[in-house]
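If you read the protein sequences in the order shown, they are chains D, W, V and F. The first sequence runs contiguously to residue 172 in this note's numbering. The second sequence runs contiguously to residue 714 in this note's numbering. The third sequence runs contiguously to residue 525 in this note's numbering. The fourth sequence runs contiguously to residue 97 in this note's numbering.
Among the hints, erroneous ones may be present.
Derived DEER-like restraints, expressed as beta-carbon distance ranges [as the list claims (entries may be wrong)]:
id, chain 1, residue 1, chain 2, residue 2, range
1, V, P61, W, G255, 43 to 53 Å
2, D, T144, W, I703, 46 to 56 Å
3, W, R206, V, P469, 32 to 42 Å
4, V, N110, W, R680, 31 to 41 Å
5, V, L4, W, V667, 32 to 42 Å
6, V, Y189, W, N673, 45 to 55 Å
7, V, L198, D, Y142, 35 to 45 Å
8, W, N673, V, T368, 47 to 57 Å
9, W, T117, V, L198, 48 to 58 Å
10, V, N110, W, N673, 52 to 62 Å
11, V, N110, W, E58, 24 to 34 Å
12, W, E58, V, L4, 30 to 40 Å
It is worth saying that the hints were derived from the structure and are not from the lab. Everything numeric in this text was worked out from a predicted model, so none of it was measured. Ideal placement from N, C-alpha and C gives every residue a C-beta, glycine not left out.
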Amino acid sequence: MIEVLFYVFAAVALGGALGVVWAKSPVGSLLYMVATLASLACIFVLLEAHFLAAIQVIVYAGAIMVLFLFVIMLLNLGHDYQRDLKGGAFALLSFVIIGLMAGILARQFGENAITEPTAGGRAIDAALAEHGAVGAIAQPLYTTYVVPFEITGILLLVAIVGALVLAKKSSL
Amino acid sequence: MHTALVEGGQATVDTAAQFEPFFPGLIILLPLIGFLINGALALKHARVSAAAVRLGGELDLGEGDHRPETHTLPSYVGPGVMLAAFLIASVNFIRMLSVELHEPHVIEYWTWIATGTFTVDAAIQLDQLSILMTMIVTGVGFLIHVFSVGYMSDDGGYPRYFSYLNLFIFFMLVLVMGASYPLMFVGWEGVGLCSYLLIGFWFSDREKSDAGKKAFIVNRIGDFGFLIAMFLLFGMFGTLDFVPLFSEADNLEYGGSLVTAVTLFLFLGAAGKSAQIPLYVWLPDAMAGPTPVSALIHAATMVTAGVYLVVRSSVLYALSPIASATVAGVGVFTALFAATIALKQNDIKKVLAYSTVSQLGYMFLGVGVGAYATGIFHLITHAFFKALLFLGAGAVIHSMHRSLHRTNDHQDPQDMRNMGGLKAFMPITWGTMWVATFAIAGIWPFAGFFSKDEIIWQTAAFGGAARAPYPALYQVYWVIALGTAILTAFYMTRMMVMTFHGSNRTGVEEAKHLYEAPPVMWLPLMALAVLSVVGGWINVPEALRETFIGLGPLTSEWLHRWLEPVTEQAHHIQEFNLGEVAEQAPFGGGEVTWAVISTVLALATVLTSFHLVIRKNVRAAAEDPELSGFSKVLYHKWYVDEVYDRLIVQPLIRTSRFCWRVIDARVIDGIVNGVGWAARGVGFIVSMFQTGTVNTYALVLTIGALIILGVSVF
Amino acid sequence: MTALLDSIGYSGWVLHTLIWMPILGIGLVLWADEQRAKYVAFWWSAVVLILSLGLWWAFDPTVGGIQMESATPWIKSWGVSYALGIDGISLFMVMLTTFSASISILASFNYIQNRQRPFYALMLMLEAGVVGVFLATDLFLFYVFFELTLVPMYFIVGIWGGARRIYAAIKFFLYTALGSLLMLVGILYLVYRAKTLLGAPTFAYAELLQVPLSGTEQLWLFGAFALAFSVKIPVFPLHTWLPDAHVEAPTSGSVILAAVLLKIGTYGFLRFLLPLFPVAAQHPVVVNTMLVLAVIGIIYTACVAAVQSDAKKLVAYTSVAHMGFVVLGIFALNVNGLQGGLVVMISHGISTGALFLLLGMLSERRHTREIEEFGGIARVAPWFATAFVVTALASIGLPGTSGFVGEFLVLLGAFEDHKGLALTATLGVILSAYYMLPMVQRIFFNPLEKQENREIRDLSKREIVILAPLCALMIWIGWNPTPLLERMEPSVRAVIERVEGATIEARARVEDEVNEGQIVDDGQE
Amino acid sequence: MINEALVLSSLLFVLGTFGVLVRRNAIIMFLCIELQLNAVNLAFIAFSRLMGIDGQVFVFFVMTVAAAEAAVGLAIIISVFRHYETVNVDNFKLLRW
C-alpha cells in the first residue's frame, strides 16, 4: 500500500518538476512547483518525517511560493508567455550532462537495495514514540544543534534586513 | 710601537748584536700623516676655488706671503714628513749595518684578515732589501718633494698635489715594507691609485684624464696576475707571509709546473707595474702628469716595484728556469723595443719615458739571469739618474712653460724641436743632466756604468753556466743588451743636444723669458747629480776592484754582500741546479775586457751622435715635415696602441654592447616579457568563456560537479 | 658595555624591538603631519639603529649556533611559532639593515616631495620586514617577512619611481613572487616530511634541520629554494628585473634594494639552502652550475655595465657582478669563501648604497642621470668628487677598502677547489676598473663645459652626515675586518661542518640516483 | 523504499539543474534552484532512515536557508528588474568585466 502511494506521489512530483522546467509562464511554473512540493510532503510522511512534511506544506508551499508569486505579480510578469528556453547546442549539451548525472546518481542509489528496518529507522521510530513528531526533531535541534540553530536565526534576520535594503526603491 | 725581537739571544756569547729597529712604523705613518694634513688643506682649498669656478672664473692665488695657508703649509708638511721619514729610515739602516741580521725582522701591528684557515697580519718586515728600498723611496722622494715646491708653486691644486704625493709614498712604503704578499698588494694597488690620481692631476684635460684611466686599467691587468699568483701560493703553502713561505719553498721541486705558474703570474703583475711588454703602453701616456710625478713614480720608485717583487720572490724564480728565462727575455726585448721608439720621439718626457721602459727592461734582464742584487743595483742607480733626468726635464719644461705663457705663445713646451740652445739660459740644469746622461749611457765612472755593465756581464755569465737551461737564448739576450746600450747612448745624446745645444728655436721674444730654475729646484738636481756619480761605487765588481783607485777595495761588491741574506737562498738553488757561472763571455774575453769595450763603445756613441745631431738642421715643431718610412713607424711607437685598440679594446666594447642590447634586452627580457605576453594571451582566450551569461557559468559548474561525481564514483 | 647591556636585559628584548619598533613607527609617521613626517621617520629609525648597535657587544662571538633565541607558539595546530634568533651570519645583515634604513630615510628629505607620510611609513615597514627576514628562525615566519618586504618595495618603486615605474615595479614583483611561491611549496613539503617523522607539523628551523631527506628530495627542494633566492640575489640570467627596478626606484629605494634586499637572497643560501639540503648543496652538478652562473654574472654584467649611458643603470649592473662574487664564495663551500661572501655582502651594501646615494644627489641637482650630460664636476663639487671616488674605489675592490677584503677571500676560497672558474672570476677585477673608472672620469673629470654643470652645488651638511659614516666604514673594514670576521667565523664554520657532515654515503646515494636517471639537476630553472 | 526515494531525489535534482541551465527567466531559474534544494531534502530524509534523526534536522536548516535565500534573491531580482526592466538573464551580463 505504502509502496503504491509512494509511486503515485513520485509520479506527481516528477511531473510537477517537468512542468516547472517546461511551463511557458512563470505562474504556471510556480503552480507546478507547488504540486511537486505537495507531493514531496506526502512522500515525507511516508518516510516517517511528519513534522517536516507539515513544514514543507506550511513554509515552502505556503510562504516561499507565495513570495515568488508576489514577486511575479509585482514585476507584472504574469502575462509573459514568451518561451525563454535556451535552444540548440547549449540545450543539447545540458541535456547530455544532466543525463549523465542522472545515470550516475540513479545507478549509485539504485543498487544495494536497503531493506527496512535499519538502525536509524528504529531510532527514529523510538524517538517518535517517545517525544512525538515535533519532539523527535526538537530534541536534537535544541541540544546538539543549538548553536547552528541560533546562527540560522541570525541568518534570517540578516536576510530580512538585506532583502529590505536591496528591494527598497531609493538607495539608503 | 715596536715590539723587540724576543728570542733570547742577547745573553749569548755571540758577538752579533740584536737588531733594534728605531720606530719603523713611523716611516710609514709619517707620510700618512702628511697625506691627512695636506688632504684636509686640499679639501678646504677646493671648496674656496670651487666657489670661484662656479662664478665662472679661477681663484687668484696671490703672490708670496699673501697666499692662503692652504698654499704655504704643504710646502713644509710635504717635504717635512719625507725628511723625517728618511732620517728614521737612515737610523734603521745604520743600526742594521752594525749588526749581522740573517733573518728578516718582522713587526706585527694587528691582525689584518683572519679567517679560520687564512691569516695575514698588518706587519712590516725589515731586512736588507726592504730597508734599502725604504731609503731610496724616502730619500729620492724627499728630493722630489722639495723640487715640487718650486715646480708646482703656481698651481691651483697645490695642496691636493702634495696630499697625493704623500699618499703615494705611504703606499710605496707599504709595498716595500709589507711582510706578506697581500700587504704588498695593498701597496701595489695603492701606488697604482696614486699614479692614476697624479697622472690625471689636471683632470680637466680629457687626454690627461684618459691617460690616468689607461694606467689604472692596464695596471689592473697586471694585478690580476698578482692575485692569481697569491691564490696559487696560498694553495701551495697555506700562508702568504714571506718568512714562512720562503723557508718552505726549499722543499719545492726544481722547475715544477706550479712554481712556474706562480712566477709567471707574478711576472704578469710585475710587467703591469713596471711597464714591460705587453703592458708597457700606459707608461708613456703617464707622462701627462706633472713632471716631478714622472720622476718619482714613473721613473724612480713605483715602476721599479716589479723588480722588487721579483727579487723578493727570488727563491721562487730561482726554482723556475722557464719563468726566469721569460723574465729576462721580456726584459731585454722591452729594453730594445722601447729604445727604438725613443730614437724618434720629440717630446722630451716621452723620450725619458721610453728610456725608463728600456732601463726597466735591463733590470728584468738582470733579475731574470739570477743576478738579483744586480737588478736592485740598477734599480738604485736608475732611481738617481732617471729622477735627475726627469727633474731636469721638469726644470726645462717649467722654464719653457713660463716663457711661453708670458708671451702668450701656444706652442708645446715639451717639444724638443721648440727648444735648442738652452744651455745658455739654464747652465745648472744642463750640467746636471749631462751627468745623468753619462750615467745612463754607461760611461765609467758614472753610476750607470757599474750597474748596467754588470747586468750585461751577468747575462753572458749565466748563459755560460755549466748546466744553463737555454744557453743560446741567453747569448741572444746578451747581444741585444749590448746593442741596446749603444741605442741608449744615442737617443740620450740626441735628447740633450736637441734641448740644450745648437741654435735656440724658442723665438726671440720667448727667449727673453727663459731663466734657470729657482734654488729649491736646482738643489735637488745637484744632490741627484752627486748620487748619479757616486751611486755606482757601492757595488764595484770584484774584477774591477783593482782598477778602481782608492775606493775599490772598500766598496767592492758591497751591495751583493749586503743583500746576501735576502738572495742567498735563491743563489744556492741556482748554483745547485745550474752549476757555476761562466768566467768568459761567448766571444771570449772576461768581465774587465767587456767592461772596457762597452764603456768605450758608449763614449764613442755619445761623441759621434753629438756631432751627428748637432749638424742636423732641427726645425721647430710647427715647421717640421711629416716623417715617412721606418721613422714614422718608430715615431708612432710601432702602432702598438692602435693594434691594442683594434684587437682588444674595440672588440671588448662591441662584445659588451652585444651582451647588453642583444642578450640582456632581447633574449632574457624577451623571454621575461614573452612570458608576460603568453599569460595575457592565455587570459584572452580563457576570457572568451566569460560570456556574462549565468547559464553558461551554471553549465560549467555542472560539468565540474559531474567530473567530481564521476571521479568519486568510479 | 657588555655589562651595561646585560643590566638592562638587552639580549632578551632587542630582537623583538628591532622588528616592532619600526612597525610602531609606521603609526607615528602616519599620525604626524605631512611636513614633520620625515623627521619623525628619521629619528625613529635612528633610535632603532642605536638599539641595534648594542648587538655588536651583546653578541657572543664564540657561539656558532643561533643565540638570543625566543619562541612563542603562534598557530599551534600547524606548528608555527613566532621564533627569533641571531647568529654571526644575520648579525651584520641586521645592523646593515637598520643602518641603511636610517641613511636612506635621511637621504630622501629632498627627493620625496609628495605623499611623504605614506612613503616614510613604507620605508619603516620595509625595515621591519627585512629585519624580520634576517631574524626569523621559523620558516613560516620567515616566509611571511620575505613576502612582506615585497609590498613596500613594490609601492615605493611604483609610486615614487621614475617614468617607467609601473613596468619596473610589476617586473620586480612578479619575478620575486614567482620564485618565492616555489619556495613556499618547498617549505610545505619540508613540513609535511617533518610531520610524518615527528608526528606533528613544525616550521621551526632547528627541528627541520633534523629531518632526514633523500638525495632526490634534497635536489628538488634545493631547486625550489634556490630559484627563489637566485631571483632575489639576482643570479644571472634572472637579473633583468634589477636594472629596471634600480633605475626607476627613488634613491632611497635603490639604496635599500642594493644594500639589504639583495642580501636576502644570499642570506637565504647561507641560512637555509646549505644547512637544510647539504647533500644537494655539494652535489657536483649543483655546485658547478651555481659557480658557472656566478662567474658568468661577474664577467657578463661587468661588460654590460661598462656600456651603459645611464649612471644608475651602470651601478645596478655592477650590483649583479658583486653579488656574483658572493655566490661564488658561498659555493666555494669553505670557510674563506663563505666569510669572504659575507664581507662582500656587507661591503657591497655600504659601497653600492653609497654610490646610489651619490648618484641620487647628483640627479637631484641636475635632473638627469645620463653620464654624457656631466663632466668636470670635480672642479665645482670637489667634496662630492672625493666622496664618489672613495666609494667607487671601494666598489671596485681596491686594497685598503672593504671591497678588497671580501673579494680576496672569496677568490681565495674559490681557488682552492675550482681553479679555472676562480681564475675567470678574477678577470672581474680588471673589468671592474673597466666599467667604473670611465664613469668617474666622464662625470667628475674632463673639461667643465656645460653651464648647468657649473652651477652644481657641493655637498650640503646633511649629505656629509650621510656619506661620512659610509666612507669611514669602507676604509675601516678595509684595514681592520678582523672584528667582523671573528664574529662570523663560528657560524660560518657551523654551516660548513653541517654541509660536510652530510656523509659520503649520502653523497654516493645521490650520485647513484642521478646515474640511474631518476632526477635531473635543478639548481637553476 | 529508501532506494526509490533516493532515485526520485536524483531525478528531481537533475531536472532542477536542467531548469537552471536552460531557462532564461531569472525567477524560474530561482524556482529550479528551490527544486534542487527539495531534491536534496528528500535525499536527507531518505538517509535519515538509515542514519538517524540528524538528517531531518538538516532538512530543517536547509528550509530556513532556502527561505532566507528566497527573500534576498528575490529582492535582488526586484532591484535588477528596476534597473533593466527585464528578468531575462541574457539581457544583463553583470558577470562580465
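Honestly, which of those hints from before does the structure not fit? The structure breaks hints 2, 5, 6, 8, 9, 10, 12; every other hint is satisfied.
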